[in-house]
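Trainee: Chains as they are written, first to last, in this note's numbering: chain A, 29 to 417; chain B, 120 to 427; chain C, 2 to 314.
What the hints contain is simulated information worked out from the structure, not anything from laboratory work.
Fair warning: there could be bad hints in the mix.
What the hints assert, rightly or not - According to the in silico footprint, chain A covers these stretches of chain C (three or more CB under 8 Å from chain A):
| # | region |
| --- | --- |
| 1 | 8–20 |
| 2 | 126–133 |
| 3 | 136–143 |
| 4 | 291–302 |
Stated by the list, open to error - In the SDA-like style, the derived pairs of lysine to any residue whose C-alpha atoms are separated by at most 25 Å in a straight line are:
| # | chain 1 | residue 1 | chain 2 | residue 2 |
| --- | --- | --- | --- | --- |
| 5 | A | K38 | C | T150 |
| 6 | C | K212 | C | Q258 |
| 7 | A | K385 | B | A299 |
| 8 | A | K214 | A | K276 |
| 9 | A | K276 | C | D155 |
| 10 | C | K132 | A | Y169 |
| 11 | A | K179 | B | K377 |
| 12 | A | K309 | B | V405 |
| 13 | B | K377 | A | G141 |
| 14 | B | K284 | B | V263 |
| 15 | B | K414 | C | A57 |
As the structure is a computational prediction, the values presented were derived from the model and not from experiment.
Each residue gets a CB set at the ideal place from its N, CA and C atoms; glycine is no exception.
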Amino acid sequence: MLEKKKDVRKTFISLVAVALFLALVLVLDQVIKPSNKMYMLLTVLQKGSVYALAAVSMNLLNGFTGLFSLGHAGFMVIGAYTYAIFSIPAASRDTVYQYYDAAIRISFPEVLGNALGGFGTVLGVILCVLLAGLVASLFAYLIGLPVLRLKSDYLAIATLGFAEIIRSILQWGKLGPVTNGSNMLKSFTRISNFKIGAFSLSTFVPVLIAVVSIGLIVMLVNSTYGRAFKAIRDDEVAAEAMGIDLAKHKMISFVVSSFFAGVSGATMAMVLSIAQANNYKVAMTYEILLMVVLGGIGSISGSVIGSLLFVATSEWWLRGLDSGKFLGIEAPGVFRNGFRLVVFSIVIMVVVLFFRKGIMGDRELPQVIDGWRKKLRAKKAAKQEVTSE
Amino acid sequence: MDVLKTALPYVISGISVGGQYALIAIGYTMVYGILRLINFAHGDVFMVAGLMMVYLVTWMPLYLAIPLMIALTVLLGFLIERVAYKPLRTAPRMSVMISAIGVSYFIQNMALYVTGGLNKNYPAIPWISDPVRLFGMETSRVTVITPFLTIALVIALVLLINHTKIGMAMRAVSVDFETAQLMGIKINSVISATFIIGTFLAAIGSVLFFTNFPGVVPTSGAMPGLKAFVAAVFGGIGSVPGAVVGAFIIGICESVIKGLDTILMANGAITEQVGFATFSDAFTFVLLIVILVFKPTGLFGEKTTDKV
Amino acid sequence: MSKNILSVENVTMQFGGVVAVDDLELTVNEGEIVALIGPNGAGKTTAFNVITGVYAPTNGRVCFNGTCIVRNHPAGKMKKLYKGSRADMYTAQFAPEEPLEDEALKAWREGQRALDPYAFTNRVLSPTPDKITALGMARTFQNIRLWKTQTVFDNVLIAKHLRRTSNMFSAAFHANGKEEARQRAEVLELLRVVGLEDVKDELATSLPYGKQRRLEIARALATDPTLLLLDEPAAGMNPQETLELASFIREIRDHFQKTILLIEHHMDLVMGIADRIYVLDFGKLIAQGTPEEIQNNARVIDAYLGVADDAED
């Protein structure tokens, strides 16, 4: 009984914290203008939410179910393209598809927006994002059928291979009418479109999408299915012996993970305002994997923290390393373009070699906070004992 | 026959690039055989070898630069193993693979920084880059030399594995890591030797490859590396001859597919471009999927059973 | 005549040239504790693996609760034995003792078909272990295979996952509250009965060895099996712990009403609790019977027990 009450209280606190965070983002969206020094914060939040969702969805597959898959970028690019293709307004369609006769001419935000006004546009965007996830998960299902029974090393390479195949197919000239071939997709509904009058929502929307999606993943992980995934990761022979259908559960994990990879791809397109298959190479999957490792494999809050740190560090805080001046040290010969990524890769290697558990290990933020509170209480109690003597 | 004639240049260049892939693939297959590790950084080491040549020739003549480049590359391979893989030998498999990915990431970023993002041009090496006529078409000498050099090196390697003490040690370690240690085999030496040999061959491969494709960029190693790995899996991971056969097959197929539009059009089979070239890279992965699904142990691989 | 729970018939398991299990026949009846013993490498765990679906047998059939669940036709190198005159026996799981003539053969075939609807067809049944567990057979492992990052409670709770009727969506949105609460209560009760309630929130690997074994058995019980297969449950235990384990296993049979098949080396445990014993040596069944019969069997003593029992004095 007491346990249940504690759980309800914890959930309530978490929800309040998340709501406060969203409100904060909303405020920042209005207050920080492009000329402001802190403008990078918005960019970090926008890109951060994309990568946070990508990292959490990868962690679901690699960290919680133990399936070492390197195909994430492939599902992200499918999501990005699906989102883009279905939200290019009719007027821009032919300009974007300048070398091809576009086959898909419907834009859900536009169609629904015309029918239902502002609310319809929102609905259209939601629909596009959902569609992005669904198409990605459909591909995941098809790919998973042959691939999921492979051993971990082979699974990694097979999924990597499929991601590359997907990337090639999206750039194929013959599919130009759908994908625009090797040209990028643009002019679709993006974050600069997200506003109500003068009220800007350009950071709020991607953050909201990430928060809701990560929330759904958390719910899945905390359910009986989440426990089954962990059992598969810890010992799949025992899991199978205890009645867990390996093929079915691995497929569920793979499909759900890819769904949210697709959603993160759609969000990426929103944030970057372009969708270009060449941006989604294997290197992107590697970066997301490193974010997961940084935060701690098997920790969702770790993946969020890891990805935010990764984005903030590589895009913002270490910027000085690329432009001659950093922490007051002037060294334009050393601090030039590309140096921050070098420093950053070294930091990652240090984490991989010496802090294998990452920042959070396999614990979640509430557990860590609980740990601090216990330590604080113990310290207080010890102090009181001393003073009372 | 006309088809042969139009296909020939592609087949020949395919054999050449296949040989270059083979030299890289051997490094992958040997390391996997011993450590069960996919050395993601191997392709990038190959690229670094190319970059080193670009810089070294500005300081010294070619006949010094080549051996020095090979020595430095081998040193790099050795150091990577010592720094990034050895500490994780007792860690779960995923950790080592992530470390390999981390090393790959670092090398590429380092190369990007050093080159400033500019394309570097590989120095032309006299004699091997000289044009020759083969079966009535123009090609460079390197295309002819590569397959022979590759096969010679592979034969030397197979002899080493089968007829020397260190080779026997390697075979023992790849069959059973722990028992080999218990039998007094110096694991560290064997592993280092494996990396040294693999890197040495990759360095030679880089000379041949970049003479053919002179543009060196930080990502120059990624694709050839992946393809070489696929070749190793295709031929049966852990088997050196398998990796070589796989690499030649991939090289030839990739090259033919690149030219498939031209070949088919020249012979009237199609009237307009299908755009096969886009798929030449993807084809390698299709091949990989096919072999993993139908014969995961590869063409020449051995079966292993797990004990419950 | 008590109900036949498990029937292993003519099961052979070959790995390439190695015959790990050779023509094994074994039955377990309801409420019995049956033991499978034999020297190391005799093929006992392999037999378990065939019964639970980890390996598809090279030949033979396993029937559980009256239905055939695993069957295969002579495969691999065994195919050669069924060429020529014995070709028609290929799809039979086993041939009759002596070659039979027409009428007798027909009657025999009818009898076979009555027992096994797939007899003489090409049908091969090779379900994955999870399907067999769902039917009511659960096992433990020789080297304890607990889920290391999970607590004692969760290890047992996860074993109840297969009995869930909720799908991924209702589970994620916690619409399966009743089922979840019921299963949690069942796990708590199970832990109480086996004496692990006080450590339920500890990590499974932090338990002492004996308790870990008990946990693994509790986990298997959580899947609601009819038949429990224990693979060397007393491995690594001292005599005191072995005694406790023996009464624990008897408890399981009596309190939980389970039938038990166990593999074991510890003779005290086996002789103390087994109703019947099967003895394997180099994959072949060399003896079967009650503990007294086995103890006095010369072949068994020869292969396994070694020189005359020292414990006699």
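Trainee: Compare the structure with each hint and give your call.
Mentor: Here's how the hints hold up against the structure:
1. Counting residues of the region 8–20 of chain C whose C-beta sits closer than 8 Å to any C-beta of chain A gives 0, which falls short of three, so the coverage hint is violated.
2. With 4 residues having a beta carbon nearer than 8 Å to a beta carbon of chain A, the region 126–133 of chain C meets the requirement of three or more and the stated coverage holds.
3. Using a Cβ-Cβ cut-off of 8 Å, 3 residues of the region 136–143 of chain C lie near chain A, which meets the minimum of three, so the contact claim holds.
4. Counting residues of the region 291–302 of chain C whose CB lies closer than 8 Å to any CB of chain A gives 0, so the stated coverage by that chain is violated, three being the minimum.
5. Taken as a hint, the K38(A) and T150(C) pair is honoured in the structure, with Cα atoms around 22 Å apart against an allowance of 25 Å.
6. This hinted pair checks out: K212(C) and Q258(C) have alpha carbons roughly 22 Å apart, not beyond 25 Å.
7. Annotation: proposed proximity of K385(A) to A299(B) is violated, straight-line Cα distance about 30 Å (limit 25 Å).
8. Restraint check: the Cα-Cα separation between K214(A) and K276(A) comes to about 38 Å, which exceeds 25 Å; the hinted pair is violated.
9. Our distance criterion of 25 Å between C-alpha atoms is met by K276(A) and D155(C), whose separation comes to about 21 Å.
10. The suggested pairing of K132(C) with Y169(A) holds, with an alpha-carbon distance near 22 Å, which does not exceed 25 Å.
11. Under the criterion of a C-alpha separation no larger than 25 Å, the hint pairing K179(A) with K377(B) is inconsistent with the structure, at around 32 Å.
12. At most 25 Å may separate the alpha-carbon atoms for a hinted pair to count; K309(A) and V405(B) meet this at roughly 17 Å.
13. As the CA atoms of K377(B) and G141(A) are separated by approximately 45 Å, the hinted pair breaks the 25 Å bound.
14. Proposed proximity of K284(B) and V263(B) is contradicted: the alpha carbons are some 34 Å apart, above 25 Å.
15. Our distance criterion of 25 Å between C-alpha atoms is met by K414(B) and A57(C), whose separation comes to about 20 Å.
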